[in-house]
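On the provided structure of chain A, position chain B as indicated by the hints.
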Amino acid sequence: MTSSITKDKKPLNKFFIFLFWLVVWQIVHLVIRRDIYVPSPYSVFLKLKELVFILHFWESVFYSIYRVILGIAFSVLIGLITAVASSINRYVHDLLKPLMIAIKSTPVLSFIIIALLWFSSSNVPIFICFLMCFPVIWTNVLTGIENADKNLLEMAKIFKVKKLLVIKRIYFPSVLPYFSAACVTSLGLGWKVSVAAEVLSYPKKSIGGNLYSAKVYLDSSELFAWTLVVILLSMLFEYLFNRIVIGRKHKRRTNVAA
Amino acid sequence: MLQLKIDNLSKRFGELKVLEDFSICFSQKINCIFGPSGCGKSTLVNLMTGLVSPDKGNILGLENVSYSYIFQEDRLLPWATIKDNIMFVLESIYDKERSEELTDKYLSLVDLADYKNHYPQELSGGMKQRVSIARAFAYGGDILIMDEPFKGLHLEIKKDIMNYIGNNMSDKLVFFITHDVEEALYLADSIYIFKGPPLVLERQIDIDIPFSQRQSNIKELEIIKNKIINGI
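Residue numbers (the working numbering), protein chains in the order written: chain A, 6 to 263; chain B, 125 to 356.
These aren't lab readings, by the way, just hints derived from the structure by calculation. It cannot be assumed that every hint is accurate.
[Claimed, not checked] To be clear about the criterion: a stretch of chain B counts as covered by chain A if any three or more of its residues have a C-beta under 8 Å from a C-beta of chain A, and this derived list gives those stretches:
(1) 126 to 132
(2) 209 to 221
(3) 342 to 351
[Stated by the list, open to error] Here are the simulated SDA-like pairs of lysine to any residue, each with C-alpha atoms no more than 25 Å apart in a straight line:
(4) A:165 to B:338
(5) A:167 to B:187
(6) A:173 to B:187
(7) A:155 to B:250
(8) A:168 to B:218
(9) A:155 to B:161
(10) A:173 to B:275
(11) A:173 to B:126
(12) B:141 to B:128
(13) B:240 to B:284
(14) A:162 to B:338
(15) A:165 to B:174
(16) A:155 to B:205
(17) A:197 to A:220
(18) A:165 to B:129
(19) B:296 to B:338
A virtual CB, placed ideally from N, CA and C, is assigned to each residue, including glycine.
Extracted from the complex, chain A is given alone in its bound form (with noise of 0.2 Å):
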């Protein structure tokens, strides 16, 4: 009785949040009653209602996500090789940590202004979102693998465990919190960096490209359109990401518990 209680306040709660924003825009707009600053709701979802049945929208949404996929999958490869690296090898550690403060701290405009005279059009969103998620990767592993428990390490090493089976057992459940804030974390941060870069670089199929134009002709309606699908795109992703990574896990071990 209590759990259905429970479920069924959720989805509700959830609603009402969205129905508040939604009335505080709507405010918003009447407030200032100039559509090119803050058009309404309806204006915006008609436009994205034009926008859903035209085939490039597609083709830019499937392109920006590719890219954002692209430059986390290997923020997360190469964040992982070089956390392992750097917790077995101090002078990796000391060597990588300038770097990353340096990404952390330089705005990404920079970034993506010297990445326009590096790359192809196409590719600098790539590498912009693979830049600014890598630290948050490399960060986050790096510390789930010193977080590990002492107390466990020494044990395994008391009772001779083998090395693979202490990194599989230990290490990375230790790891795996950590890592998977990390890429809840990039999957937002990738989203926004990559659109930012696809504004500035203005590859034919993109979400960024398609800002662009609506701001050069003052169309309010479709650049709120289209932030709408990053920021629905980026919901969805972390929603995938949390269903398949952190879901499944919840429900082996509440498998077993039963």
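Just chain B, lined up with the frame of chain A:
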């Protein structure tokens, strides 16, 4: 017969001299290590297991020996079931079938067979300690180190486990660290009373009553107990 000879061992942590030219010899029996907290008992054990390296000196008799350890804390993998926790230390030395067989056997011994698919957080402190005991017994090894192993255990199960140790560990060199005189008298063949730091052997008391006759020699044990308590 397994023997461990500690020869002029020194170890310091910063300014604190925990061991200074410390020498002692332990043989294959239940050796009870007695002493106040912080006197250096744990450092001595950590040196024996190789978790800590000595600044000077040698430990002889460690070639090709394996250890089993009952820690003060349970040291169980929180994300693994009770069964997987025990299998974790067994899989490096036995095949899967043998590991499962040993896991079942020793979980039954500590009366936790019904909990093998549970996670540590679903168990009480005493139950987790019993898993830690089952893990050490299942692993075997030449040397068994028990660091306050019976803390938080129910009296009846504690007695069962102590009886198991007393009857089945004669082929091992056992180190039994405890602050409980009754436990020491019930189980130990020799009681080493230490003080420190730096660690110094104050007294060694050998209990010549065989384990099977301990229960019927309460008077004699009472005399030894008084000797320990009164520092005679």
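Tested hints:
Residue count for the region 126 to 132 of chain B with a Cβ under 8 Å from a Cβ of chain A: 0. That is fewer than the three needed, and the coverage hint is violated. Counting residues of the region 209 to 221 of chain B whose CB falls under 8 Å from any CB of chain A gives 5; the rule of at least 3 is met. With 0 residues having a Cβ less than 8 Å from any Cβ of chain A, the region 342 to 351 of chain B misses the three-residue criterion, and the hint is violated. Note on residue 165 of chain A and residue 338 of chain B: the hinted pairing is violated, with a Cα-Cα distance of about 35 Å set against a maximum of 25 Å.
For the hint pairing residue 167 of chain A with residue 187 of chain B, the CA-to-CA distance comes to about 19 Å; that is within 25 Å, so the pair holds. For the suggested pair residue 173 of chain A and residue 187 of chain B, the alpha carbons sit about 29 Å apart, so the restraint of at most 25 Å is broken. Between residue 155 of chain A and residue 250 of chain B the CA atoms are separated by roughly 22 Å; this keeps the pair inside 25 Å, and the hint holds. The straight-line distance between the Cα atoms of residue 168 of chain A and residue 218 of chain B is roughly 16 Å, inside the 25 Å bound, and the hint therefore holds.
At most 25 Å may separate the alpha-carbon atoms for a hinted pair to count; residue 155 of chain A and residue 161 of chain B meet this at roughly 21 Å. Restraint check for residue 173 of chain A and residue 275 of chain B: not satisfied, since their Cα atoms lie roughly 31 Å apart, outside the 25 Å limit. For a cut-off of 25 Å, the pair hint linking residue 173 of chain A to residue 126 of chain B is broken: about 34 Å separates their Cα positions. Between residue 141 of chain B and residue 128 of chain B the alpha-carbon distance is near 22 Å, which keeps this suggested pair within the 25 Å criterion.
Straight-line distance between C-alpha atoms of residue 240 of chain B and residue 284 of chain B comes to about 20 Å, which keeps the hinted pair within the 25 Å bound. For the hint linking residue 162 of chain A to residue 338 of chain B, the alpha-carbon distance of about 36 Å lies beyond 25 Å, and the restraint is violated. Between residue 165 of chain A and residue 174 of chain B the CA atoms are separated by roughly 11 Å; this keeps the pair inside 25 Å, and the hint holds. Restraint check: the Cα-Cα separation between residue 155 of chain A and residue 205 of chain B comes to about 20 Å, which is no more than 25 Å; the hinted pair holds.
Of the supplied pair hints, the one linking residue 197 of chain A and residue 220 of chain A holds, its CA atoms being roughly 17 Å apart against a limit of 25 Å. Using a Cα cut-off of 25 Å, the hinted pair residue 165 of chain A and residue 129 of chain B holds, with the two alpha carbons roughly 22 Å apart. Between the alpha carbons of residue 296 of chain B and residue 338 of chain B the distance comes to roughly 20 Å, so the proposed pair stays at or under 25 Å and holds.
The structure shown violates the earlier hints numbered 1, 3, 4, 6, 10, 11, 14.
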